[in-house]
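Please take these sequences and the hints and turn them into a complete structure.
The listed protein sequences correspond, in order, to chains A and B.
Residue 1 is where the first sequence starts when you use the numbering used here, and the numbers rise one by one after that.
Residue 1 is where the second sequence starts when you use the numbering used here, and the numbers rise one by one after that.
The reader is advised that the hints may include incorrect statements.
In this list, chains with the same sequence are indistinguishable; a pair is considered to hold if it fits within one copy or across any two.
What the hints assert, rightly or not - With a Cα cut of at most 27 Å, we get these calculated DSS-like pairs of lysine-lysine:
id	residue 1	residue 2
1	K191	K34
2	K88	K30
3	K53	K191
4	K35	K88
5	K35	K116
6	K88	K146
7	K111	K151
8	K34	K184
9	K111	K188
10	K92	K157
11	K157	K30
12	K111	K53
13	K111	K131
14	K157	K88
Calculated from the structure, these hints are not laboratory results.
The structure presented is a predicted model; accordingly, all values stated were derived computationally and were not measured.
Number of protein chains: 2
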Amino acid sequence: MFENIDAFVNRCASFTESELDIFHSLIDFKTVHKKEYLLREGQICDFEAYVLKGCVRNYFINENGFEVIIQFAIEDWWISDIASFHEKTPSKLYIETLEDCELFFLSYENKEELLKRVPKFERFFRLMVQKNLSSTQNRLINTIAKSAPEKYLDFIKLYPTIPQRVPQHYIASYLGISAEFLSKIRTKLSKQ
Amino acid sequence: MFENIDAFVNRCASFTESELDIFHSLIDFKTVHKKEYLLREGQICDFEAYVLKGCVRNYFINENGFEVIIQFAIEDWWISDIASFHEKTPSKLYIETLEDCELFFLSYENKEELLKRVPKFERFFRLMVQKNLSSTQNRLINTIAKSAPEKYLDFIKLYPTIPQRVPQHYIASYLGISAEFLSKIRTKLSKQ
DNA sequence: TTACTTTCTTGAACTAGTTCAATGCACAGG
DNA sequence: CCTGTGCATTGAACTAGTTCAAGAAAGTAA
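This is the structure we're talking about:
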């Protein structure tokens, strides 16, 4: 049950059995059906969740009422609204399962408890956030500097399994382009 | 000399005098003239720098040879290429001073030393990276979801002092629009 | 002062991407 | 089995933003 998540945390810093036992006692395993919400706009996000199985999307609704997807999370990823989680402020985001999921949840309180009892986790979380930051910066750079076809090609290269699991218009939303335009890009690419 | 940077680190976690003395012994103060480079593409970034005085830009050059600015840093900000710094990989970025600057530099080695001798700094750096991540996420959301005039208005609201300190075409570059279009946006806004 | 460089503005022509509407397709629910 | 709903595709009209070129303004060096 804990193999995958243990491997994940051990990749950043190595933990003893008893440290991992403490960790296990502070995370909650839950299964969640497809199309359920882990978080809605206005709520305070009280979890960081590790995806053991399934697929989740993180999106917000802009002034014109359109959904804009900011992240997909699949197996071995974490998902949360870190701004809301850390500052205990109402979230602007929605987090919704796209498939039946198996998740581990870590609450704010339990995270603090974990850090108190196993300070080595400070380092783990710092390294995790750093990785997240550098991939977000990369995404920002691509978003600003690349054309739509390039963004699409980069996406399928970086996340080759996601297109098979989520509707195409969600990918368009993630890329910040219209679903119709993505369709046109794809037909053009397939003709080459 | 250390008042500002001490206030900065104490905002996240509170440190004793002797802990701060260790910190001070591991950071290097340097003054750098206008238009000098702290980092160039291809180099490995071996610093996280705190801006005591002055203004710095962080940019990369895209496939078409254009500069794209990803961050400005002014007083009380930190600047680095965190991907290059942590993974010791060649940077894709340039970091250049835009004014004469006073900076504190923390090297990779000294950071590790600091974390070893004062583990409380793990928490400080984690919280700092977390804040950085949530502001980068916010910027990503704005970049994807907002029109150019909105982005510009958001920018001057969030960073009201920067437009007076840097050329306008740098702001256009940061916003991901052409300098000409920003000029047109500004004349249109001023007519209203 | 002059001359040189960088910055900002403006207009005209262009293009990447949007919006809207219509069509066909696939598959899940009763 | 049919039927509805969500999804992908396509074309036509549109628009936000780019590119190019020229000129004005402002700062800097001599």
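Checking each numbered hint in turn, tell me which of them this model violates, lowest number first. Numbers 1, 3, 5, 7, 8, 9 and 11 - these are the hints that the structure violates, sorted from lowest upward.
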